[in-house]
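**Q** Here is what each chain is made of, one letter per residue.
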Amino acid sequence: MSDMTPKPNLSPSVEAQGGRGSAPVPATEHDDHLLHDDHHHEHHDQHWLWKYVFSQDHKQIAKQFLITGIFWAILGGTLSSLFRLQLGWPEGTMEWLKPILGGWVSEAGKLDPEFYLALVTMHGTIMVFFVLTAGLSGTFSNFLIPLQVGARDMASGFMNMLSYWFFFLSSVVMFSSLFIETGPAAAGWTIYPPLSALPQAIPGSGTGMTMWLVSMALFIVSQLLGGVNYVTTVINLRTRGMSMSKLPLTIWAFFLTAILGILSFPVLFSAALLLIFDRSFGTSFFLSDIYIAGQALSNQGGSPVLFQHLFWFLGHPEVYIVIMPAMGMVSEVLATNARKPIFGYRAMIGSLIGISLLSFVVWAHHMFVTGMNPFLGSVFMFLTLIIAVPSGVKVFNWLATLWRGNIRFTAAMLFAIGFVSLFISGGLTGIILGNATLDIQMHNTYFVVAHFHLVMGSSAFFGLFAGVYHWFPKMFGRMMDEKLGYIHFWLTFAGVYLVFMPMHYVGIAGFPRRYYAWTGFDAFSQFADMNKFISIAAIIAFLGQFIFIFNFFYSIFRGRRATQNPWNSTTLEWTAPIEPGHGNWPGEIPAVYRWPYDYSKPGSEVDFIPQNVPYSQTHSSNLPYERDMAE
Amino acid sequence: MNPQPEILSEKEVGLGWHPKRVLLILLIFSIVMMFAAFTSGYIVRRDEGNWREFDLPASLLINSILIALSSASMQWAYFSARKDELGRLKTGLVVTLVLGLAFLAGQYVSFGDLVAGNTYFGGADANPSGSFVYVLMGVHAFHLVTGLVFLAVVLRRALNYQVHSRAMLSIGNATLYWHFLGGLWLYLYLFLLLNH
Numbered sequence: 001m002s003d004m005t006p007k008p009n010l011s012p013s014v015e016a017q018g019g020r021g022s023a024p025v026p027a028t029e030h031d032d033h034l035l036h037d038d039h040h041h042e043h044h045d046q047h048w049l050w051k052y053v054f055s056q057d058h059k060q061i062a063k064q065f066l067i068t069g070i071f072w073a074i075l076g077g078t079l080s081s082l083f084r085l086q087l088g089w090p091e092g093t094m095e096w097l098k099p100i101l102g103g104w105v106s107e108a109g110k111l112d113p114e115f116y117l118a119l120v121t122m123h124g125t126i127m128v129f130f131v132l133t134a135g136l137s138g139t140f141s142n143f144l145i146p147l148q149v150g151a152r153d154m155a156s157g158f159m160n161m162l163s164y165w166f167f168f169l170s171s172v173v174m175f176s177s178l179f180i181e182t183g184p185a186a187a188g189w190t191i192y193p194p195l196s197a198l199p200q201a202i203p204g205s206g207t208g209m210t211m212w213l214v215s216m217a218l219f220i221v222s223q224l225l226g227g228v229n230y231v232t233t234v235i236n237l238r239t240r241g242m243s244m245s246k247l248p249l250t251i252w253a254f255f256l257t258a259i260l261g262i263l264s265f266p267v268l269f270s271a272a273l274l275l276i277f278d279r280s281f282g283t284s285f286f287l288s289d290i291y292i293a294g295q296a297l298s299n300q301g302g303s304p305v306l307f308q309h310l311f312w313f314l315g316h317p318e319v320y321i322v323i324m325p326a327m328g329m330v331s332e333v334l335a336t337n338a339r340k341p342i343f344g345y346r347a348m349i350g351s352l353i354g355i356s357l358l359s360f361v362v363w364a365h366h367m368f369v370t371g372m373n374p375f376l377g378s379v380f381m382f383l384t385l386i387i388a389v390p391s392g393v394k395v396f397n398w399l400a401t402l403w404r405g406n407i408r409f410t411a412a413m414l415f416a417i418g419f420v421s422l423f424i425s426g427g428l429t430g431i432i433l434g435n436a437t438l439d440i441q442m443h444n445t446y447f448v449v450a451h452f453h454l455v456m457g458s459s460a461f462f463g464l465f466a467g468v469y470h471w472f473p474k475m476f477g478r479m480m481d482e483k484l485g486y487i488h489f490w491l492t493f494a495g496v497y498l499v500f501m502p503m504h505y506v507g508i509a510g511f512p513r514r515y516y517a518w519t520g521f522d523a524f525s526q527f528a529d530m531n532k533f534i535s536i537a538a539i540i541a542f543l544g545q546f547i548f549i550f551n552f553f554y555s556i557f558r559g560r561r562a563t564q565n566p567w568n569s570t571t572l573e574w575t576a577p578i579e580p581g582h583g584n585w586p587g588e589i590p591a592v593y594r595w596p597y598d599y600s601k602p603g604s605e606v607d608f609i610p611q612n613v614p615y616s617q618t619h620s621s622n623l624p625y626e627r628d629m630a631e
Numbered sequence: 001m002n003p004q005p006e007i008l009s010e011k012e013v014g015l016g017w018h019p020k021r022v023l024l025i026l027l028i029f030s031i032v033m034m035f036a037a038f039t040s041g042y043i044v045r046r047d048e049g050n051w052r053e054f055d056l057p058a059s060l061l062i063n064s065i066l067i068a069l070s071s072a073s074m075q076w077a078y079f080s081a082r083k084d085e086l087g088r089l090k091t092g093l094v095v096t097l098v099l100g101l102a103f104l105a106g107q108y109v110s111f112g113d114l115v116a117g118n119t120y121f122g123g124a125d126a127n128p129s130g131s132f133v134y135v136l137m138g139v140h141a142f143h144l145v146t147g148l149v150f151l152a153v154v155l156r157r158a159l160n161y162q163v164h165s166r167a168m169l170s171i172g173n174a175t176l177y178w179h180f181l182g183g184l185w186l187y188l189y190l191f192l193l194l195n196h
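Residue numbers (my numbering), protein chains in the order written: chain A, 1 to 631; chain B, 1 to 196.
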């Protein structure tokens, strides 16, 4: 805390403490919510319950999101290891898992097929929503937006706290559903009706499905409360000088991600509400002409494809909600550690906006096999393939940023480079699957699984890791161990490719997804070794994550102490104290004079110039037009 | 609790709106998306056939007039606050509250009329067409209840002399939200008139 010695020639003078808080404020209603806590400024003896649990401080809420996300990631990974065991050793015995799984392992030592479906469903739900949405943008939007735009906190600390606690409630409901007798939801993470709409269909569409829907409704509320806060903070609470064209790319990414969430999650809410009515109140929005166990149901007139439209209207923006925060953080980490300005700053913003807009008009490419009109399919195919353009711009700019950079291979940098690699490999197969004709061939094979795990799952995880390694010093005031970070990186990087590359080949050969057992089909028995290989690689890669988890928790308490700006970065969060208190800056919030990527500027004495350094202090490196701004 | 308050005058200029106004507008967008999903789902579903036509109860017209009137009284209350006419402000808010409650009661009556016209929400005799009407009206009514709570809060503030020409944020937000709810209903009513 005390180590707040700014570089004399680089930081503008920081005024004495309290310069801001005591400024005269007109007592209108506009400001009274801001004014009313003025008296208890120095709150050192805050009760721990309010400080650590029901905190309204964005940094604390970010840590809550991160640690809850880590919990879910371990669980989601464990589930995937379980079904990889089943897929790799279909004839093997699971007897040894009986103490944990109990009744889900049959007398013969076989995994219950219903439970297999539940494992896949919960793995998808947990990873997409609880880890890569809440854990990723919940953590970093919360942590970085106020610190990087120069704000004391979010626009509404209370709503921000509610956002976490709705997420927590939703987590509790989802977690409890794992322990009920009929098991958790088992209709796939996309919960297509009629399977999900008929409680009597399979065990996993009973109580487990109800709890899934309740949990997701709470989750959506959490996302909306968080999202409106992020957008408002970016619009309203930027510090002096921080125009939209001086925002770090992280903030642009979080900002657009939050807008996607605000516009797409309500649609999932609508779909979930209609599904709840179908399940429990006898409506038939998605049900028609169904016979179950020889009995005709009375439901008439519904359309299951309508649900798919509603679901994927969220579902597709959702994959960008997952990947865009990672893109933003990777841009930041690459520029900082290549000691070069990000290549094509405005093109990066433009491509983010392009991806955001396109994400709303491509949803039906998930539905090529629903028998849609081929003309409609070709429209969606065309729009889908256009996404390759902004994505290509981004990849080109990342590579151009690395080109001839003075690269520092920190753990965060390795993960950022890994992200670019995975995004390319996974993105290329996206072009294949975006073609309706090819998709119809591949749709039910492991090719699709391999594609989205590379481009969205693993990449987003790599972005998450890059973010944690990079901003850990700001979060906890200590450094994570670099050596363990390298081991973690190589295990994960090699692991991810060893798992998902073979999956492409298996998929092209026609190996079907969603199958509990494939041993009954002669055609697939040739893939036994390949499946075993994938399973071994997956389990090793999963175990490798415990290195990260150890490193993370060990470093919180025992890590090397961080300096104020360990990566020599230019953005505002590194001008705050090592462990910022509530309010982020003890004195005045620094004003901003320049864009966030002044690395290795020709003529400059140091290889980075923070955003809060005015041009009048950097005469040697000012460009002609900047010389005018210095006066 | 925010120990060091933000001072907005020392911030980069945003859109010129107070953060709370921006929060509200964003929440309104999310509500719009919800109803966009319902009404586009309605049209997609109708065009696939197996769709039962139904009669809209005449009482919906009366409800629509009630909610339009409540928007007018809300705007009157807003103007009164701006002119520091606090008595009229309170009258306007109370009238709006009463009209809002009357609208809710009217929607309840219309539910009865729908049932009387053999349009059901669920069960063996229901068709998605009718179920959609209940969902649209019900979800709108839920949001209207939140609007009434908001109005009650502003009314309490008005009674404590906390709403006047230099403290227009809460009534401004309440007015915006209330007009939105009224406009949303008129859209839904028109939509149902044209598509039932």
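Certain hints may be false.
Claimed, not checked - What the simulated footprint calls covered on chain B by chain A, stretch by stretch (three residues with Cβ under 8 Å from a Cβ of chain A suffice, anywhere in the stretch; the number is not a length):
| hint | stretch |
| --- | --- |
| 1 | 13-23 |
| 2 | 103-111 |
Stated by the list, open to error - Sample of chain B residues with no beta-carbon within 10 Å of chain A, all distances over it, derived:
| hint | residue |
| --- | --- |
| 3 | LEU56 |
| 4 | ILE62 |
| 5 | ILE65 |
| 6 | LEU148 |
| 7 | PHE150 |
| 8 | HIS179 |
What the hints contain is simulated information worked out from the structure, not anything from laboratory work. This one's a predicted model, so the numbers in the text were calculated from it and none came from an experiment. Think of the CB as a built atom: it goes at the ideal place given N, C-alpha and C, for glycine as much as any other residue.
**Q** Quick one: see if chain A covers the stretch 103-111 of chain B, three-plus residues with Cβ-Cβ under 8 Å.
**A** Answer violated; 0 residues pass the 8 Å Cβ test.
**Q** Take a quick look at LEU148/B and tell me if its Cβ sits farther than 10 Å from every Cβ on chain A, holds or violated.
**A** holds (20 Å)
**Q** Count the residues of the stretch 13-23 of chain B with a beta-carbon closer than 8 Å to any beta-carbon of chain A: does the count reach three?
**A** holds (count 8)
**Q** Beyond 10 Å from chain A, beta-carbon-wise, is PHE150/B?
**A** holds (15 Å)
**Q** With 10 Å as the threshold, tell me whether ILE65/B passes as away from chain A on beta-carbon distances.
**A** With a cut-off of 10 Å, ILE65/B remains clear of chain A, as the shortest Cβ separation is near 28 Å.
**Q** For HIS179/B, which was marked as not at the interface, is the minimum beta-carbon distance to chain A over 10 Å?
**A** holds (19 Å)
**Q** At 10 Å, judged by beta carbons, does LEU56/B keep clear of chain A as stated?
**A** It holds; LEU56/B is separated from chain A by about 19 Å at its closest Cβ, greater than 10 Å.
**Q** Is the nearest Cβ of chain A still more than 10 Å from the Cβ of ILE62/B?
**A** Answer for ILE62/B: holds, closest chain A Cβ roughly 27 Å.
Checked against the numbered hints given earlier, this structure breaks only hint 2.
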